[in-house]
Amino acid sequence: MGITQILFWALAAIALFSALMVITSKNPVYSVLWLIVTFFTISGHYLLLNAQFLAIVNIIVYAGAIMVLFLFVIMLMNLSKDTEPQKNKWLKLAGAVAGGCLLLVLVAALRNTETRMTELGSGNIGLIQNLGNVLFKEYVVPFEIASILFLSAMVGAVVIGKREKKRVEDEIADAEVVKTEFHQNEPSAFLNR
Amino acid sequence: MDIKYYIFLSIALFVIGIVGVLTRRNAIIIFMCIELMLNSVNLLLVAFSKMHHLANAATSATAGSEGQLFVFFIMVVAAAEVSVGLAIIVMLFRNTHSVDVNFLNRLKH
Chain A
1 MGITQILFWA LAAIALFSAL MVITSKNPVY SVLWLIVTFF TISGHYLLLN
51 AQFLAIVNII VYAGAIMVLF LFVIMLMNLS KDTEPQKNKW LKLAGAVAGG
101 CLLLVLVAAL RNTETRMTEL GSGNIGLIQN LGNVLFKEYV VPFEIASILF
151 LSAMVGAVVI GKREKKRVED EIADAEVVKT EFHQNEPSAF LNR
Chain B
1 MDIKYYIFLS IALFVIGIVG VLTRRNAIII FMCIELMLNS VNLLLVAFSK
51 MHHLANAATS ATAGSEGQLF VFFIMVVAAA EVSVGLAIIV MLFRNTHSVD
101 VNFLNRLKH
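Chains A and B, in that order, are what the protein sequence lines are.
For the first sequence, our numbering assigns the number 1 to the initial residue and increments by one for each residue that follows.
For the second sequence, our numbering assigns the number 1 to the initial residue and increments by one for each residue that follows.
Simulated from the structure, these hints should not be mistaken for laboratory data.
Remember, predicted model here, so these are calculated numbers, not experimental data.
Even glycine gets a Cβ: it sits at the ideal position worked out from N, Cα and C.
There's no promise every hint is true.
[As the list claims (entries may be wrong)] Here are the in silico distance ranges between beta carbons for each label pair: (1) B:A55 / A:K162: 36 to 44 Å; (2) A:K162 / B:K4: 44 to 52 Å; (3) B:T96 / A:V158: 18 to 26 Å; (4) A:K162 / B:I74: 42 to 50 Å; (5) B:K4 / A:N88: 35 to 43 Å.
[Claimed, not checked] Stretches of chain B that chain A covers, calculated by requiring three or more beta carbons in the stretch to come under 8 Å of a beta carbon on chain A: (6) 2–15; (7) 23–33; (8) 83–91.
Let the hints inform the model, and build the full structure from the sequences given.
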């Protein structure tokens, strides 16, 4: 067993463990952190497969941008273990059994596939020079369409995330009420209510 | 490395994502599980692209690079999806003060 095999099994074990921790952690912040660990192990798998461009993009886009966005939203909403909605125990069991059945079926169906090797640590299609050549020669149109997709996603996120004017006015009115109550009452009584 | 192990690893990660979607009620965790499933598929695509490259390297020097470009485009679409999805979750939280997906059944009223 060479060093690449050992690395593969170690990365696979860490990936599965951290993926399980993502779905079992009660605190959403821990889930995000475990998901970042999973993405790093998947990047490690890309490096083992010599797909260096994708390994770096995976770290920058997923672990860097998307997960920070998740973390920001979770911290903005002040979610923690206490606010975590609890699901029925039997529903959890049913979900686990359904997933286990799917795992069983897929593994049983693909157990006897023909043995084909992937190359580890060699081959240069994953390098940025080759991928860039193919991307900007044959896939320019999808690449440009992706930029339009990004623009529309950006506009959509802003439109959805924008507060309605009436709601903002309501919230300002609520804040005024709270402020006057705060000044009228004793601060300690206000905090205890 | 045998492609089989990559298939099994991807299946396991995908199933963990599915179990997460089925068993959790927090909308953000469900969303994270979807990201996990996308990543397991990405891993399998890269493994298949390297397998294809190994088999066809003699005929074409860039055999298999399409698979890796596909992964790149999946990441692009996932990034766009996350921005819109998180905006929807923020709006849900603002309206219901919770991220419980069961509150979404109010949409039908």
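A quick look at each hint next to the structure:
At roughly 51 Å, the beta carbons of A55 (chain B) and K162 (chain A) sit outside the given window of 36 to 44 Å. Look at K162 (chain A) against K4 (chain B): about 49 Å separates their beta carbons, and that is inside 44 to 52 Å. Here the CB-CB span from T96 (chain B) to V158 (chain A) is close to 21 Å, well matched to the stated 18 to 26 Å. At roughly 29 Å, the beta carbons of K162 (chain A) and I74 (chain B) sit outside the given window of 42 to 50 Å.
Distance hint for K4 (chain B) and N88 (chain A): a CB-CB separation of about 37 Å, consistent with the stated range 35 to 43 Å. Evaluation of the coverage hint for the segment 2–15 of chain B: fulfilled, as 12 residues show C-beta separations to chain A shorter than 8 Å, against a requirement of three. Proximity of the segment 23–33 of chain B to chain A, defined as three or more residues with a beta carbon under 8 Å from a beta carbon of that chain, is established by the 9 residues found. For the segment 83–91 of chain B, the stated coverage by chain A is satisfied: 8 residues place a CB nearer than 8 Å to a CB of that chain, which reaches the threshold of 3.
In summary, the numbered hints that this structure violates are 1, 4.
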